[in-house]
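2 protein chains.
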Amino acid sequence: MVFYLVGLGLGDAKDITVKGLEIVKSADRVYLEAYTSILTVGKEALERFYGRSVILADRDTVEQGSDEILENAAQEDVVFLVVGDPFGATTHSDLVLRAKEKNIPWKVVHNASIMNAVGCCGLQLYNFGETVSIVFWTDSWRPDSFCEKINSNLKRGLHTLCLLDIKMKEQTVENMMRGRKIYEPPRFMTVSTACQQLLEVTKNNPESEFSSDTLCVGLSRVGSEDQRIAAATLRELSEYEDMGKPLHSLIVVGKVHPLEQEYLEQFFLNEKSCR
Amino acid sequence: MVFYLVGLGLGDAKDITVKGLEIVKSADRVYLEAYTSILTVGKEALERFYGRSVILADRDTVEQGSDEILENAAQEDVVFLVVGDPFGATTHSDLVLRAKEKNIPWKVVHNASIMNAVGCCGLQLYNFGETVSIVFWTDSWRPDSFCEKINSNLKRGLHTLCLLDIKMKEQTVENMMRGRKIYEPPRFMTVSTACQQLLEVTKNNPESEFSSDTLCVGLSRVGSEDQRIAAATLRELSEYEDMGKPLHSLIVVGKVHPLEQEYLEQFFLNEKSCR
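Chains as they are written, first to last, in the working numbering: chain A, 2 to 276; chain B, 2 to 276.
No lab work stands behind these hints: they were computed from the structure.
Where hints are given, some of them may not hold.
Pairs count within a copy or across copies, as identical chains cannot be separated in the list.
Unchecked claim - Here are the simulated lysine-lysine pairs, DSS-like style, with alpha carbons at most 30 angstroms apart:
1. LYS273 - LYS108
2. LYS44 - LYS108
3. LYS182 - LYS15
4. LYS156 - LYS108
5. LYS15 - LYS204
6. LYS256 - LYS15
7. LYS108 - LYS26
8. LYS15 - LYS26
9. LYS101 - LYS156
10. LYS256 - LYS103
11. LYS170 - LYS156
12. LYS204 - LYS101
13. LYS182 - LYS273
14. LYS103 - LYS273
15. LYS256 - LYS101
16. LYS101 - LYS182
17. LYS170 - LYS273
18. LYS273 - LYS44
Bear in mind that the values here come from a model prediction, so they are computed numbers and not experimental data.
With the hints as constraints, model all of the structure from the sequences given.
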């Protein structure tokens with residue numbers, strides 16, 4: 002019948018659209034993608050709200066087992082729920098391509114994602130440059146390609162949205178080598194960790210366009226009742242531990258326009274250092 | 002009580018979120034912002050779906066008459082409906098600031114906007130640079146600042162989303178000078194008009210990073226049942242008149258990654274020229 006990709010938005014169960022909810026209620030099978038992002042509520046809360054069961058789909062199911070998801074989709078309506086908007090991650094376009102290969106009709110129900118909801122801090126979306134991802138560093142792996150992109154945005158006066166790492170169902174190297182399916186608890190990068198990594202990068206780079214004094218904005222749980230926004234210097238945010246539960250995002254601020262400034266002021270942690 | 006900014010998303014009445022609909026149904030007054038964007042349905046369809054009346058707010062009401070919108074909002078729940086996401090236009094952050102001045106509590110309900118739904122063509126959102134606006138040229142006014150921004154994105158291999166001009170309730174110069182409140186019919190820039198203006202700009206600019214052969218993507222009515230996506234060269238799209246009703250958007254394509262390519266192919270108007 003139809004393969005539906007339905008965006009859940011960013012907050013809780015009620016952030017699904019009316020169109021999306023109707024599709025979920027009448028579908029034969031409903032999957033929930035649970036590894037590229039999370040809502041402030043879990044699968045059980047969604048099931049209660051929908052009045053039906055939902056199947057959790059982890060990375061393995063989606064990337065290796067898409068046959069399971071699309072199985073029988075020619076006869077049944079299958080829904081794939083995605084936190085935010087369905088096209089936020091490459092793996093979802095890939096699912097559509099595999100549905101097309103099988104001649105299964107597909108439809109998308111859009112919703113808010115961090116890529117547009119980030120406007121809630123008052124910085125205008127058309128003043129943002131390329132978005133970057135910041136991943137957890139390890140002792141031996143410290144990728145910093147985001148740095149060149151932030152610099153390039155700052156040279157043009159543009160803000161940079163930094164998406165912060167999420168680790169769901171990660172295995173230790175030892176467990177992976179021994180083929181043991183034992184997973185570490187989920188980890189979500191905080192604003193302060195991201196800022197610490199950015200500080201490290203600037204220290205060793207005399208050509209960095211940003212420094213410990215650069216204005217940044219930390220955001221957590223955007224779109225939920227208890228979302229939090231804090232504007233402060235990079236150093237201040239690297240030491241700030243009150244952003245609360247995941248998900249966190251960070252903005253490195255470029256040239257601030259007057260209306261942006263006026264709006265942003267309500268989120269200043271420290272009037273003096275932010276000006 | 003509370004001043005709510007509620008996003009309507011991009012398609013029709015059912016693209017509002019469940020949370021948004023509950024707020025609309027129980028509010029005292031509901032305004033619809035109707036000059037920065039449009040849905041595929043009008044005010045009457047929304048009223049039927051909500052089962053209540055909605056007040057149309059044009060630019061004058063919002064920018065000069067915000068007192069009317071916020072009047073009595075300390076005692077009543079007032080909703081301001083915005084097509085797409087509430088933070089898509091500067092004028093909406095301004096409304097929040099004015100609510101804050103009056104000590105009126107406010108809340109936002111996010112939704113999809115063209116800024117994230119544009120991912121539906123398969124180009125990844127994190128490969129986009131700065132977004133630009135393309136306005137209707139007149140005989141004497143031909144702004145082309147978008148050109149420098151597109152070039153700058155292309156130099157970095159990034160795609161550019163071009164938002165196309167909307168003219169709602171415009172007056173002719175004569176009517177404006179005579180103080181006659183007579184308005185022209187709404188006008189919406191098409192993909193082909195936008196491409197024609199881009200072609201004009203490249204002709205006179207030897208340093209342009211794009212040419213008549215640059216791959217572009219035209220999109221119309223994104224998020225609605227009859228959305229249309231067409232990928233072709235800038236010249237081909239400048240002559241292509243089948244995008245249908247508004248709203249239209251355009252992407253100037255940068256470096257295409259393999260998965261993007263595979264997805265985009267389904268929208269090619271002409272296999273040969275797109276490769």
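| Up to 30 angstroms CA-CA - LYS108 versus LYS156, copy category | The answer is neither: 40 angstroms in one copy and 34 angstroms across copies each exceed 30 angstroms.
| Between LYS108 and LYS26, at a C-alpha cutoff of 30 angstroms, which is it: within one copy, between copies, both, or neither? | both (16 angstroms within a copy, 28 angstroms between copies)
| request: Give the relationship of LYS273 and LYS44 under a CA distance limit of 30 angstroms: within one copy only, between copies only, both, or neither. | output: neither (44 angstroms within a copy, 46 angstroms between copies)
| How do LYS15 and LYS26 come out at 30 angstroms by Cα distance, when the copy is not named: within, between, both, or neither? | Cα proximity of LYS15 and LYS26: in one copy and across copies (14 angstroms, 15 angstroms).
| request: With 30 angstroms as the alpha-carbon cut-off, assign the pair LYS182 and LYS273 to within, between, both or neither. | output: Cα proximity of LYS182 and LYS273: none, with 51 angstroms in one copy and 48 angstroms across.
| Is the C-alpha distance from LYS44 to LYS108 at most 30 angstroms within one copy, between copies, in both cases, or in neither? | So LYS44 and LYS108 pass the 30 angstroms test inside a copy (23 angstroms) and across (26 angstroms) alike.
| field | Within, between, both or neither: LYS15, LYS204 at alpha-carbon 30 angstroms | value | Neither: 44 angstroms inside a chain and 51 angstroms across chains, both beyond 30 angstroms.
| said: At most 30 angstroms between alpha carbons: which applies to LYS256 and LYS101, within, between, both or neither? | reply: Between copies only: 24 angstroms across chains, 44 angstroms inside a chain, cut-off 30 angstroms.
| field | Within, between, both or neither, where LYS182 and LYS15 count as close if Cα-Cα is 30 angstroms or less | value | neither (34 angstroms within a copy, 42 angstroms between copies)
| message | With identical chains, the pair LYS256 and LYS103 could be close in the same copy or across copies; at 30 angstroms between alpha carbons, which is it: within, between, both, or neither? | response | Answer is between; shortest inter-copy Cα gap is 29 angstroms, intra-copy 48 angstroms.
| task | Give the relationship of LYS101 and LYS182 under a CA distance limit of 30 angstroms: within one copy only, between copies only, both, or neither. | result | neither (32 angstroms within a copy, 52 angstroms between copies)
| message | Treating 30 angstroms as the Cα threshold, decide for LYS273 and LYS108: within, between, both or neither. | response | Answer is between; shortest inter-copy Cα gap is 28 angstroms, intra-copy 50 angstroms.
The structure fails hints 3, 4, 5, 6, 9, 11, 12, 13, 16, 17, 18 (numbered hints given earlier, in ascending order).
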